[in-house]
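Asker: Hey, can you work out the whole structure from these sequences and the hints?
Those protein sequences? They're chains A and B, same order as listed.
The first sequence stops at residue 245 when you use full-length UniProt numbering, and every number in between is there.
The second sequence stops at residue 321 when you use full-length UniProt numbering, and every number in between is there.
Simulated from the structure, these hints should not be mistaken for laboratory data.
There could be a bad hint or two in this list.
[Unchecked claim] As a list, the in silico EDC-like pairs of lysine to aspartate or glutamate whose alpha-carbon atoms are at most 20 Å apart:
#, chain 1, residue 1, chain 2, residue 2
1, A, Lys-233, B, Asp-223
2, B, Lys-110, A, Asp-207
3, A, Lys-150, B, Asp-180
4, B, Lys-213, B, Asp-180
5, B, Lys-132, A, Asp-21
6, A, Lys-143, B, Glu-87
7, B, Lys-130, A, Glu-165
8, B, Lys-184, A, Glu-147
9, A, Lys-210, B, Asp-124
10, B, Lys-30, B, Asp-223
11, A, Lys-143, B, Glu-189
12, B, Lys-192, A, Asp-21
13, A, Lys-25, B, Asp-145
14, B, Lys-188, A, Glu-165
15, A, Lys-143, A, Glu-215
16, B, Lys-184, A, Glu-165
17, A, Lys-224, B, Asp-305
18, A, Lys-233, B, Asp-305
Single-letter residue listing:
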Amino acid sequence: MKILVCISNVPDTTSKISFTDNNTKLNTSGIQYIIGPYDEYALSRAIELKEAAGGTVTVLNVGEADTEPTIRKALAIGADDAIRINAFPKDAFYVASQIAAVVKSENYDLILMGRESIDYNSGLVHGIVGELLGIPSVSPVMKLDIEGGKAIMSREIEGGKEIVEAQLPLVAGCQEPIAEWKIPNMRGIMSARTKPLKVVEPTDVADNVKLLNYELPAPKGACKMIDASTPEKLFDLLKNEAKVL
Amino acid sequence: MSVLVFVEGAGGEIKKSSLEAVGYASALAKKINTQAVALVIGNYSDDQISSLGKFGASKVLSCKNDKLSQPLPMPYASAIAEAAKKENADTIILSRSSVVDAIASRLALKLGAGIVTNVVDLPDLSSGFKVKKSIYTGKAFAFYDLTSAKKVITISKNAYSAVEGSGSATVEAFDPQLSDSDFKVQIKETQKATGDVLLTEADIVVSGGRGLKGPENWNLVIDLAKALGAATGCSKPVSDLDWRPHHEHVGQTGVKVSPNLYIALGISGAIQHLAGVNSSKVIVVVNKDPEAPFFKAADYGIVGDVFEVVPKLIEAAKALK
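Answerer: In structure tokens form, the structure reads like this:
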């Protein structure tokens with residue numbers, strides 16, 4: 001089976017977010033970039049599927065040259081080869097269009113990615129890729145098995161889950177607990193250096209949204225402490241001061 | 001021209017977040033001098049359907065096609081796109097949910113529309129169509145201009161208050177053309193938690209962490225939630241340890257919530273947990289460690305042992321009624 005895993009290159013979850021250039025650019029100083037956590041779950045499941053039934057796992061990232069350390073980490077975790085589409089990921093439609101263009105020439109059985117990236121949190125790429133390619137997409141997928149050319153999945157719904165089935169090829173937006181999180185070992189790290197990483201130039205995509213600028217939320221006031229011996233006072237405050245009861 | 005709003009239900013009831021979306025669509029429609037049309041898919045009572053008028057819809061398209069009894073993204077996107085064309089809608093509003101992500105992405109493509117998700121405020125129409133979106137899991141906002149003629153927006157829960165008024169809506173049956181290719185994904189089984197307040201829809205959420213020491217003590221979380229009419233959640237370690245089911249895990253990689261009130265019991269407040277709750281209106285933290293990072297993000301805090309504090313809170317919450 002031929003599996004493509006699309007990964008995002010995002011600031012570590014613990015990053016402090018701030019902006020520069022009159023709130024038009026992310027301040028990248030001190031930020032460490034990682035594989036999007038949901039994407040890493042997708043990658044881990046792809047590797048488990050390959051280990052169980054054979055095949056190949058290719059990772060794809062839409063990003064400029066500075067994303068290559070993140071791509072190499074995905075190779076160290078166990079992907080066989082990688083594609084970097086040499087472009088800044090402007091928005092979900094742009095990224096999905098680049099992914100679809102690659103898939104059209106390569107015919108993957110399974111395209112996995114996270115349910116959303118943790119920077120822009122849009123949650124759209126899987127659906128747009130599916131629609132562009134005319135194939136099903138399912139998200140958020142918490143369990144995925146392949147049986148007889150079909151994907152059997154468990155999808156999260158509000159307050160429960162659904163077991164769904166679809167023929168391959170298929171796009172899945174993944175989340176935990178779809179796979180065991182994998183940590184690269186020394187052998188993986190060494191072999192990642194020599195695994196193929198192909199750089200592809202992007203295709204033209206028309207813009208229909210334009211990012212203008214950023215803003216930080218208003219700073220939070222101090223926490224009001226209530227004595228543990230009289231916790232019931234909390235409800236007076238919630239009722240009369242915060243007005244949420 | 002009109003504004004179309006997709007109305008989603010859960011457990012036979014129209015979701016509160018969908019009523020917020022109807023209110024949002026109505027406010028936007030007023031700004032551009034047009035009407036809000038609600039599309040409701042599913043078997044809802046006449047009262048539920050016509051009540052959408054009270055939240056600002058001028059017209060309701062009611063679709064009761066049995067093939068759409070389950071919220072499958074592909075046929076739903078086709079149905080909403082058809083309704084948008086029929087109503088000559090330039091802007092389509094949806095309330096964000098796990099299902100809506102998959103619907104909205106396909107819908108935007110079908111309509112050739114620009115799309116922005118997680119929108120937290122009404123658009124600024126003074127120059128273009130400027131929307132404010134939550135990014136970095138609530139740590140920042142981005143402003144976008146939607147430059148396309150057709151626009152799809154998904155709004156965050158609690159981004160807009162649903163206010164019930166006295167308006168009324170005309171109701172029209174709607175039966176979209178669906179093709180077999182829309183049904184490439186099949187639902188084999190649905191497993192729903194019953195009897196609980198839906199976590200993502202709840203006004204109040206009570207969550208527990210490792211400070212509860214074990215699943216046998218969860219009655220403290222459940223009883224406080226019951227007394228407040230709240231949903232229950234938990235931290236990631238708790239669901240990893242199988243003390244509670246995964247769908248209760250609140251946080252960066254779990255469920256993100258934005259209730260009016262979030263009460264955290266015995267949760268220290270790792271940044272990944274905060275990412276799932278930081279858009280809550282008011283946060284209360286009960287933890288015996290005064291240095292717990294959660295206190296920095298909280299509005300109200302109690303430094304104390306959950307086993308001593310929570311029973312008193314349960315009694316006080318019961319007395320509120």
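Asker: Does A/Asp-21 sit within 20 Å of B/Lys-132, going by the straight-line distance between their CA atoms?
Answerer: This hinted pair holds, its Cα atoms lying about 19 Å apart.
Asker: Regarding the pair A/Lys-150 and B/Asp-180, is the alpha-carbon distance no greater than 20 Å?
Answerer: Holds - the C-alpha atoms of B/Asp-180 and A/Lys-150 are around 18 Å apart, at most 20 Å.
Asker: Would the hint linking B/Lys-184 and A/Glu-165 be met if the CA-CA limit is 20 Å?
Answerer: holds (8 Å)
Asker: Does the alpha-carbon distance linking B/Lys-130 and A/Glu-165 stay inside the 20 Å limit?
Answerer: The given pair, whose Cα atoms are some 39 Å apart, is violated under the 20 Å limit.
Asker: Keeping to a limit of 20 Å between CA atoms, is the pair of B/Lys-213 and B/Asp-180 held or broken?
Answerer: Cα-Cα ~51 Å, so violated.
Asker: What's the verdict on A/Lys-233 and B/Asp-305, does the C-alpha distance respect the 20 Å limit or exceed it?
Answerer: This hinted pair holds, its Cα atoms lying about 16 Å apart.
Asker: Between A/Lys-143 and B/Glu-87, does the CA-CA distance stay at or below 20 Å?
Answerer: It is violated: about 39 Å lies between the C-alpha atoms, which goes past 20 Å.
Asker: B/Lys-192 and A/Asp-21: Cα distance at most 20 Å?
Answerer: violated (48 Å)
Asker: For the pair supplied as a hint, A/Lys-224 and B/Asp-305, confirm whether the alpha-carbon distance does not exceed 20 Å.
Answerer: Roughly 18 Å separates the two Cα atoms, so the pair holds.
Asker: Are the Cα positions of A/Lys-210 and B/Asp-124 separated by 20 Å at most?
Answerer: holds (14 Å)
Asker: Just to be careful, I want the Cα atoms of B/Lys-30 and B/Asp-223 compared with a cutoff of 20 Å; is the pair within it?
Answerer: violated (44 Å)
Asker: Just to be careful, I want the Cα atoms of A/Lys-143 and A/Glu-215 compared with a cutoff of 20 Å; is the pair within it?
Answerer: violated (37 Å)
Violated hints, in rising order: 4, 6, 7, 10, 12 and 15; the structure is consistent with all others.
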